[in-house]
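S.K.: In case you want the letters, here they are:
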Amino acid sequence: GQQVMQIPQYQHVQEGEDFTTYCNSSTTLSNIQWYKQRPGGHPVFLIQLVKSGEVKKQKRLTFQFGEAKKNSSLHITATQTTDVGTYFCAGSATSGTYKYIFGTGTRLKVLA
Amino acid sequence: DTAVSQTPKYLVTQMGNDKSIKCEQNLGHDTMYWYKQDSKKFLKIMFSYNNKELIINETVPNRFSPKSPDKAHLNLHINSLELGDSAVYFCASSPVSHSSPLHFGNGTRLTVT
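Note that the protein sequences, when read in sequence, are chains A and B. According to the numbering used here, the residues represented by the first sequence are 367 to 478, in order. According to the numbering used here, the residues represented by the second sequence are 77 to 189, in order.
Hints were generated in silico from the structure; no laboratory data involved. For every residue, glycine included, the Cβ atom is placed at its ideal position computed from N, Cα and C. Relax, there's no trap hidden among the hints.
With a Cα cut of at most 16 angstroms, we get these calculated EDC-like pairs of lysine to aspartate or glutamate: (1) Lys-475/A / Asp-449/A; (2) Lys-465/A / Glu-134/B; (3) Lys-465/A / Asp-106/B; (4) Lys-112/B / Glu-158/B; (5) Lys-143/B / Asp-94/B; (6) Lys-147/B / Asp-106/B; (7) Lys-465/A / Glu-129/B; (8) Lys-85/B / Glu-100/B; (9) Lys-402/A / Asp-449/A.
Distance ranges between label pairs, derived from CB positions: (10) Asn-127/B / Thr-443/A: 41 to 49 angstroms; (11) Ala-444/A / Asn-127/B: 38 to 46 angstroms; (12) Tyr-86/B / Thr-386/A: 34 to 42 angstroms; (13) Thr-187/B / Gln-375/A: 18 to 26 angstroms; (14) Lys-475/A / Ser-81/B: 28 to 36 angstroms; (15) Gln-375/A / Asn-93/B: 32 to 40 angstroms; (16) Lys-422/A / Pro-171/B: 14 to 22 angstroms.
Start from the sequences and build out the full structure, keeping to the hints where you can.
M.R.: This is how it looks when you write it as structure tokens:
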């Protein structure tokens with residue numbers, strides 16, 4: 367079945383450093399979403415990417431969707447303590463399906 | 077105004093018991109989901125309903141039975157609870173479109189002793 371892996375599993379950074387998490391799917395995706403889960407919280411939607419090679423920015427966050435639509439990345443510039451949490455990608459393999467498979471997540475810790 | 081609400085927030089019970097978790101959304105969404113998050117934070121889809129109809133049923137033990145009395149509600153009943161069922165269960169909803177964000181509830185932390 368479809369699998370979505372993320373690396374790294376954990377990342378500790380000093381405040382102000384950059385951070386990147388990578389998402390790789392075993393199958394071609396129709397679209398990909400990114401979520402953030404704060405400690406003790408629930409996943410919160412950040413963004414969705416649909417087109418091959420698409421790049422989107424939200425302030426310090428940059429999201430990319432690979433040309434082959436099988437991988438994606440989230441880059442945070444100059445991390446802040448408020449960035450702490452687990453970042454998940456979630457991929458939908460087939461257009462029209464309601465099934466989003468979540469990646470394994472990357473837990474980010476930011477040291478002040 | 078909580079968009080997706082789950083009850084209870086915490087559930088501690090003994091092995092062998094039967095328990096239910098309730099979920100309600102006031103967003104007018106047609107699709108609702110149950111996800112299970114284990115101790116390693118992996119989020120796995122369990123079930124999905126679209127307008128009260130079951131559309132996704134992953135490989136989940138048949139001790140787990142979802143019920144959707146209407147499109148705003150999706151409950152999860154678990155029979156004969158086992159230690160391995162301990163996890164956080166998240167309810168989520170989304171509009172009809174497959175390319176819509178999921179809105180998650182706050183989760184129910186189930187502990188089976």
